Amino acid sequence: AQTVTQSQPEMSVQEAETVTLSCTYDTSESDYYLFWYKQPPSRQMILVIRQEAYKQQNATENRFSVNFQKAAKSFSLKISDSQLGDAAMYFCAYRSPEYSGNTPLVFGKGTRLSVIA
Amino acid sequence: EAGVTQFPSHSVIEKGQTVTLRCDPISGHDNLYWYRRVMGKEIKFLLHFVKESKQDESGMPNNRFLAERTGGTYSTLKVQPAELEDSGVYFCASSQEIATGPGTQYFGPGTRLLVL
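Protein chains in written order, with the numbering used here: chain Y, 1 to 117; chain A, 1 to 116.
Derived by calculation from the structure, the hints in this document are not laboratory data. Do not take every clue at face value.
Said to hold, decoys possible - Rough simulated footprint, nothing fancy, chain Y against chain A, three-plus residues with beta-carbon under 8 Å:
1. 29-42
2. 104-111
As the list claims (entries may be wrong) - Cβ-Cβ distance ranges computed for the label pairs, FRET-style:
3. Y:Thr18 to A:Gly72: 40 to 50 Å
4. Y:Leu84 to A:Asn63: 41 to 51 Å
5. A:Met39 to Y:Ser114: 14 to 24 Å
6. A:Asn63 to Y:Asp81: 47 to 57 Å
7. A:Pro61 to Y:Ser7: 24 to 34 Å
8. Y:Thr18 to A:Gly71: 46 to 56 Å
9. Y:Glu61 to A:Leu84: 32 to 42 Å
10. Y:Arg112 to A:Gly3: 16 to 26 Å
11. A:Thr18 to Y:Arg112: 10 to 20 Å
12. A:Gly72 to Y:Gln14: 46 to 56 Å
13. A:Met39 to Y:Lys78: 21 to 31 Å
Only a predicted model underlies this, so the values are computations on that prediction, with no experimental measurement involved. Where a beta carbon is used, it is the ideal one built from N, C-alpha and C, also for glycine.
Starting from the given sequences, assemble the full structure and let the hints guide the process.
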């Protein structure tokens with residue numbers, strides 16, 4: 001079974017600075033998808049960024065980018081120019097390819113990010 | 001477009017009582033998932049509907065949990081009778097038909113259940 005590990009329960013960053021959240025995973029599959037979700041204190045969980053394992057290029061979405069290291073099974077999230085609104089719980093998640101018949105997300109425990117003004 | 005909605009947002013019940021949670025997915029999303037997060041632990045998968053059919057219910061903890069999705073629209077998750085360990089946040093998510101691609105799941109705000 002796949003597992004996802006987020007080794008940083010809590011992180012903090014100064015406003016306008018850059019922070020990197022780590023995520024590692026364990027799988028024997030070669031095709032899969034990786035996601036970062038953000039859950040602000042208001043509780044609605046939203047997708048931040050996603051990465052297909054077959055793509056070598058790291059995904060980026062505005063101030064959010066990932067460092068995807070397939071061989072190392074690492075999928076870190078970098079937030080540049082941090083803003084107060086970035087404060088949230090961040091979850092890393094894994095999903096097997098659809099042809100495996102197993103599509104639920106496997107989550108890490110989350111990293112709580114605080115942004116200091 | 002409306003997102004995934006869940007009702008109620010909070011529920012406090014006593015052990016042995018029954019609670020029913022509701023999820024309305026994004027319109028047109030055939031896939032509906034239930035997840036649960038117990039305090040301090042990972043978000044765990046409970047079950048997956050494709051339209052009105054249960055595709056995968058391997059994550060359901062026991063037979064006190066009953067999920068339905070009549071007509072392939074909204075879904076309910078009933079816990080009967082509730083136990084202390086059922087406390088947590090129950091999330092619902094939906095996604096479009098998975099053909100090729102990541103099948104991104106969109107989450108509701110969750111229902112926070114506390115069993116006393």
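Now the hints, each set against the structure:
1. 29-42: Coverage by chain Y holds here, the residue count being 6 at a Cβ distance below 8 Å.
2. 104-111: With 7 residues in contact (Cβ-Cβ under 8 Å with chain Y), the coverage given for the stretch 104-111 of chain A holds.
3. Y:Thr18 to A:Gly72: 40 to 50 Å: Holds, since Thr18 (chain Y) and Gly72 (chain A) (Cβ atoms, about 44 Å apart) stay within the stated range.
4. Y:Leu84 to A:Asn63: 41 to 51 Å: The hint (41 to 51 Å, Cβ to Cβ) holds, given that Leu84 (chain Y) and Asn63 (chain A) are roughly 46 Å apart.
5. A:Met39 to Y:Ser114: 14 to 24 Å: holds, 19 Å
6. A:Asn63 to Y:Asp81: 47 to 57 Å: Distance hint for Asn63 (chain A), Asp81 (chain Y) holds at roughly 50 Å.
7. A:Pro61 to Y:Ser7: 24 to 34 Å: Given about 27 Å between the Cβ atoms, the range holds.
8. Y:Thr18 to A:Gly71: 46 to 56 Å: Because 48 Å falls inside the window, the suggested range holds.
9. Y:Glu61 to A:Leu84: 32 to 42 Å: holds, 40 Å
10. Y:Arg112 to A:Gly3: 16 to 26 Å: holds, 23 Å
11. A:Thr18 to Y:Arg112: 10 to 20 Å: violated, 33 Å
12. A:Gly72 to Y:Gln14: 46 to 56 Å: holds, 48 Å
13. A:Met39 to Y:Lys78: 21 to 31 Å: Holds, at about 29 Å.
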